[in-house]
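Novice: Residues per chain are reported as follows:
Number of protein chains: 2
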Amino acid sequence: MTDETLYYEDFEEGRTFESPERTVSAEEIVAFASEFDPQPMHLDEAAGKASILGGLSGSGWHMSSIAMRLFYDAVISRSAGEGGPGIDVMEWRKPLIAGDTVRLSIRVKARRALASRPGIGLVTMEHTMMNQKGERIMRMEAPVIMRMRDRLPVEAGQ
Amino acid sequence: MTDETLYYEDFEEGRTFESPERTVSAEEIVAFASEFDPQPMHLDEAAGKASILGGLSGSGWHMSSIAMRLFYDAVISRSAGEGGPGIDVMEWRKPLIAGDTVRLSIRVKARRALASRPGIGLVTMEHTMMNQKGERIMRMEAPVIMRMRDRLPVEAGQ
Numbered sequence: 001m002t003d004e005t006l007y008y009e010d011f012e013e014g015r016t017f018e019s020p021e022r023t024v025s026a027e028e029i030v031a032f033a034s035e036f037d038p039q040p041m042h043l044d045e046a047a048g049k050a051s052i053l054g055g056l057s058g059s060g061w062h063m064s065s066i067a068m069r070l071f072y073d074a075v076i077s078r079s080a081g082e083g084g085p086g087i088d089v090m091e092w093r094k095p096l097i098a099g100d101t102v103r104l105s106i107r108v109k110a111r112r113a114l115a116s117r118p119g120i121g122l123v124t125m126e127h128t129m130m131n132q133k134g135e136r137i138m139r140m141e142a143p144v145i146m147r148m149r150d151r152l153p154v155e156a157g158q
Numbered sequence: 001m002t003d004e005t006l007y008y009e010d011f012e013e014g015r016t017f018e019s020p021e022r023t024v025s026a027e028e029i030v031a032f033a034s035e036f037d038p039q040p041m042h043l044d045e046a047a048g049k050a051s052i053l054g055g056l057s058g059s060g061w062h063m064s065s066i067a068m069r070l071f072y073d074a075v076i077s078r079s080a081g082e083g084g085p086g087i088d089v090m091e092w093r094k095p096l097i098a099g100d101t102v103r104l105s106i107r108v109k110a111r112r113a114l115a116s117r118p119g120i121g122l123v124t125m126e127h128t129m130m131n132q133k134g135e136r137i138m139r140m141e142a143p144v145i146m147r148m149r150d151r152l153p154v155e156a157g158q
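Line by line, the protein sequences give chains W and L. Residue numbering for the first sequence follows our numbering, starting at 1 and increasing by one per position. Residue numbering for the second sequence follows our numbering, starting at 1 and increasing by one per position.
The set of hints was computed from the structure by calculation and includes no laboratory data. All clues stand as given, with none of them false.
Copies of the same chain look alike in the list, so a pair counts if it fits in one copy or across any two.
When the alpha-carbon atoms are kept at most 16 Å apart in a straight line, the in silico EDC-like pairs for lysine to aspartate or glutamate are as follows:
1. K94 x E135
2. K109 x D88
3. K109 x D10
Excised from the complex, chain W in its bound form (with noise of 0.2 Å):
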């Protein structure tokens, strides 16, 4: 097989993807935060380790994008995914600490044909990541809109 692309019917409830793994920087968590969120734990090391979070810590949102590039790397980029419409949950557990080394797992939740567009569906993915600890440090559960490879009739009267 050539063609390897991922596309709806290949996302069985219960299926799983690991990603690659991605250590993050200090010098990555301070250019993040400086444009999009710059509060003081963000970008100090000793504002970070007087706050809750115990460390210079990447914002929520830095943690979310990484994941984004994980779910890439390990699914997207070789599926038939047209974008997401956004997000069902998003759960920040517990924070990442510059030079954390983290992964990225993938579980299908769930699935459905979308009547209203022959040969899309709707793919509902559970995200969990992992830092060097095997600490769950981020939970997400988001759908995506993936092609057909092929067209599943549309049931009557939808």
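Starting from the known structure of chain W, arrange chain L on it as the hints suggest.
Specialist: Just chain L now, kept in the frame of chain W:
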């Protein structure tokens, strides 16, 4: 008054805040996408025009991160906020197209004191991002941890 810091008590239900405007360039869109969400419609004008988004369009995560910055500028920078535990709702309703000028409207949706942490409350705000045409391109609901100016008594039994 020199102390204009916003505390938990200042976030009455229904109170609104308006952010400054921000124009988002093609260069910013491509830079963010290159690092976090390198799907073709976020990297290339022609690919964006060919997609359902209709032009070079920012990643949803870029839109969300810009919303965080506008929220910081309007509220968080002058508040007793201590970060947020996650997101309750995020809807990317319309694309953010290169050259768009956006602003954020923030409304206090609900608040509650945390019985487990005297002096601390959770304020849930609804965020709506508008573009220069007045279209609502993003909607979010998310809680923020906020310190109280005056400690409230914790109810008995909690």
